[in-house]
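Q: So the protein sequences, as listed, match chains H and P. Heads up: the first sequence at position 202 corresponds to 202 in my numbering, and the numbers run straight through without jumps. Heads up: the second sequence at position 164 corresponds to 164 in my numbering, and the numbers run straight through without jumps.
Heads up, a few of these hints could be off.
Unchecked claim - Below, simulated SDA-like cross-link-like pairs (lysine to any residue); rule was C-alpha separation at most 20 Å, straight line:
1. H:47 with P:293
2. P:204 with H:332
3. P:295 with H:320
4. H:318 with P:249
5. H:328 with P:249
6. H:315 with P:293
To be verified - Which chain P residues stay away from chain H? Per the calculated CB distances, all over 12 Å, these:
7. 80
8. 90
9. 305
10. 348
11. 449
To be verified - Okay, the calculated beta carbon distance ranges per label pair:
12. P:169 with H:338: 42 to 50 Å
13. H:44 with P:454: 18 to 26 Å
14. P:241 with H:328: 25 to 33 Å
15. H:44 with P:207: 53 to 61 Å
16. H:194 with P:500: 45 to 53 Å
17. H:275 with P:169: 42 to 50 Å
Worth flagging that the hints you see were computed from the coordinates, not collected in a lab. All C-beta atoms, glycine included, are put in the ideal place defined by N, C-alpha and C.
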Amino acid sequence: MTTELPVLTAADFASDQDVRWCPGCGDYSILAQMKKMLPSLGVPREKIVFISGIGCSSRFPYYMNTYGMHSIHGRAPAFATGLKSSRPDLQVWVITGDGDGLSIGGNHLMHCIRRNLDINIVLFNNRIYGLTKGQYSPTSPLGKKTKSTPFGSIDNPLHPLSLAIGCEGTFIARSIDVNIKHLTETLRRAANHSGTSFVEVYQNCNVFNDGAWNYASDRNVKSDNIIELEHGKPLIFGKDRDKGIRLNGMEPEVVSLGNGIREDDLLFHNEKATEPSLAYLLSRMRNEDGFPEPIGVFRAVDAPRYDDEINKQIKAVKAQQGEGDLTKLFNSGDTWTVS
Amino acid sequence: MSTPSVDAVPQVTKQIIQLEGATVRLAGDSGDGMQITGSQLTNTSALAGNDIATFPDFPAEIRAPKGTRAGVSGFQVHFASEEIFTPGDELDALIAMNPAALVTNIGDLKRGGILIANEDNFTDKDLKLAHCSTNPLVDGTTDGYRLIKVPMSQLTLLAVKEVTTADGERLGNKVAERCKNFFATGLIYWLFGRDLEPTLKFIKDKFGKKPEIAEANERALKAGWNYGETTEDFASSFKVDAAKLPAGKYTNIMGNQALAWGLVTAAWQSGVEIFYGSYPITPASPVLEELSNHKNFGVRTFQAEDEIAAICSSIGAAFGGAMAVTGTSGPGIALKSEAMGLAMMLELPLLIINVQRGGPSTGLPTKTEQSDLLQAMFCRNGEAPLPIIAARSPGDCFEVAQEAWRVSSRMMIPVIILSDGYIANGAEPWQIPDVSMMKRWEIPHPGPLQEGEQFLPYQRDELLSRPWALPGTPGLEHRIGGLEKDSLTGNISYDAANHQTMTDLRAQKVANIAKITEPLLVNGPAEGDLLVLSWGGTYGACVTASERAREMGLSVSNAHLRWLNPFPANLEEILKRFRNVLIPELNMGQLRMLIRSKYLVDAIGFNKVQGKPFSVSELLQEITRIVGSGNNGT
């Protein structure tokens with residue numbers, strides 16, 4: 001006998017709560033792509049849990065008709081660790097932002113990624129503190145003038161993917177809020193990866209940091225400023241696909257195709273590379289340094305998962321020692337009898 | 001000096017004096033193995049059927065500079081043929097392995113008490129390290145005590161000189177001399193008529209992989225025993241008979257171990273699996289270590305990246321249906337406070353263990369104190385009451401863990417368990433419970449939603465508990481969070497009246513716990529001159545001092561609080577039946593503040609923070625100060 005699962009649609013994943021982000025916020029698109037993508041996974045709605053911290057992005061769970069927890073600032077990966085370790089049957093998503101995930105919660109993010117817990121982390125990067133109304137964030141560029149940096153930021157910014165790769169993350173990807181096809185596909189791949197999936201989404205805060213990602217999202221300039229990664233393919237970009245990335249020793253350089261430079265001379269993307277060096281190099285390519293910024297999957301490799309290992313160890317110990325027996329435990333030390 | 005005998009079968013030929021009990025302290029350098037020696041004496045005395053209470057006292061440094069006063073590590077054992085509740089006030093015997101140990105401990109030795117000193121460690125160099133300008137063995141420091149100087153290091157070297165490794169090599173002097181703690185153990189065993197067998201077995205188990213070390217320790221132990229029998233310094237030895245404990249099978253248990261076993265038992269009783277999120281901290285780490293051994297009970301231990309992740313991971317596990325527990329000490333609670341508030345707000349079951357140590361800040365990590373009560377009560381932002389239960393003794397930790405989980409899972413509320421360094425490291429005989437007689441129960445979870453039903457995650461039962469709906473249950477998808485929530489749906493609500501309602505509900509829910517927990521019991525007359533009100537690890541000293549006061553004919557009763565929040569329903573009525581209320585605490589008056597503010601009772605405090613438990617005599621002195629010394633009728 002086969003049980004027919006109900007076919008879910010994006011609407012089935014919408015909760016009864018009104019979405020309260022500012023009109024025009026990039027978060028709407030991410031929410032929409034998530035709802036659109038989830039039905040395709042075939043995971044029952046009740047098996048999905050969204051966990052968030054604090055910030056605009058962290059309101060996300062309230063808008064999903066799944067299980068959810070809106071926790072405290074920066075700690076979502078820690079909540080997810082306990083949940084996923086004891087309930088590996090659940091699909092767990094962590095929704096965070098550049099302040100929540102990289103500033104107050106940097107420690108948990110780092111440890112979650114290096115443990116390779118089988119969860120999906122989506123970091124909405126808008127390079128600003130939105131919910132507290134416009135202070136600079138760990139990803140705000142140097143010199144950025146905000147309410148708390150009226151003379152410009154002097155904080156050297158953090159690059160989320162470089163950090164995640166430094167933690168030897170097994171799935172590292174980047175997408176853009178308005179690039180909806182790409183975003184949907186990136187979220188799908190993240191969901192299907194076994195291990196921690198870390199996705200940075202360039203997200204526009206139209207109230208406090210409007211246009212921060214224009215170079216990557218504006219249709220007039222984006223093809224020169226972003227490069228779409230494809231496994232096994234050379235790194236080519238530009239409106240006319242006439243530019244590429246070539247390795248010069250250990251350094252990437254932008255080259256124009258033609259004039260003796262062929263596709264074969266270019267850097268070929270390999271998301272399966274065991275060593276994270278290539279992914280790291282890609283994560284260092286920045287618009288401000290004259291590079292196109294890669295989007296897509298930087299790295300997707302297999303490694304042991306914490307949630308799997310913790311449960312395997314329990315099984316192994318049970319097989320070796322037998323199920324726990326309280327009487328045996330209580331008598332495990334020296335004993336004596338009083339009559 | 002003749003080689004001490006190591007082969008003779010221990011046989012006492014000297015006079016034996018019967019004692020009701022004895023308090024012995026072993027003190028030496030932190031590298032001298034005093035904690036091992038102390039635990040061995042504890043176990044062996046327990047196996048001999050004595051009631052026991054222990055007080056290990058060691059520095060925070062793993063190896064403080066050798067020979068210094070800061071590096072002195074002590075282990076006090078009180079064993080008796082009657083029921084005892086404290087590790088003893090004054091010492092009947094002190095073993096001092098060096099001058100620093102002697103001068104820092106001799107003040108606790110009773111006049112005429114036995115002082116055994118390792119005279120080999122009283123060289124000029126040792127005296128200098130201990131900042132002794134003169135040798136305490138000869139300068140009058142030891143006057144009035146029965147000083148017995150024993151060349152322990154030399155005798156140990158002689159005892160182990162025949163020992164060779166598999167390659168036929170002799171042991172180096174340094175290694176050989178390290179066996180002297182077992183020489184001291186042997187000597188104490190002779191003095192108090194203890195059986196060598198349990199320690200011989202311990203040596204075999206512990207050093208089995210290095211047969212030469214095992215043999216050397218075994219020889220040192222026997223040499224110490226035989227030295228006692230042959231030396232003319234001791235005319236007699238002592239004997240402490242088995243205590244008349246209730247019939248049953250016993251084992252020796254330490255507080256942290258009992259806490260871990262209690263958790264495992266509670267999980268088994270309620271059919272759940274433990275998730276223990278923790279970060280190493282003195283003196284709570286042994287709970288993590290003990291639990292990590294019991295994976296065959298389905299225990300998942302998670303050593304988190306910090307205290308915050310430790311509790312947050314536990315809350316995540318609680319959301320998923322685990323028996324979630326996090327354990328730490330005061331500084332860790334400070335870090336966990338925000339998450340504790342969230343757990344209260346979410347209304348999920350969770351146990352939060354605080355094995356208290358001396359504070360504030362890093363404070364006195366290895367010393368005991370009960371100064372985190374107000375932290376447990378109030379450390380969170382907003383109106384965030386949490387239930388608090390405190391263990392009173394090592395064995396009681398077992399019961400407390402179970403009761404805390406019963407309440408936490410019944411009420412859907414985090415429960416704070418307070419233990420302390422004294423309970424955690426102390427040991428006592430523990431009657432092994434009959435597992436077949438233990439109650440088991442099932443924790444209810446709502447099932448899949450039926451057609452046309454609406455699930456309300458914050459709908460409450462008669463005690464104001466809410467349903468524990470687990471992810472994976474179709475139809476019960478819901479969101480919980482730290483923002484104020486609607487009193488039924490749990491959706492975000494900024495409604496003013498709703499916030500008042502939720503605040504009242506959360507407070508009443510904590511208060512309702514008094515309906516499902518035991519009322520307070522009074523030992524002694526139901527009314528009178530003085531009620532000694534205690535909580536936590538001072539139980540033993542308070543109960544003993546109160547009993548002594550009653551034996552003196554004083555009108556003194558005592559009561560011990562297990563729940564600090566909520567207080568037992570009958571507490572107010574009891575307080576008002578006594579002319580005076582004395583609240584002894586190892587803090588500056590925290591319970592007293594709560595009692596005064598809640599009941600307007602002008603309770604008297606007796607407070608100290610010296611890293612040590614109360615002595616019975618100082619409590620008795622305070623009791624008599626308040627009610628007079630008896631003889632004047634009551």
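Q: Hint compliance check: list the failing hint numbers for this structure, sorted ascending.
A: 1, 4, 9, 10 and 11
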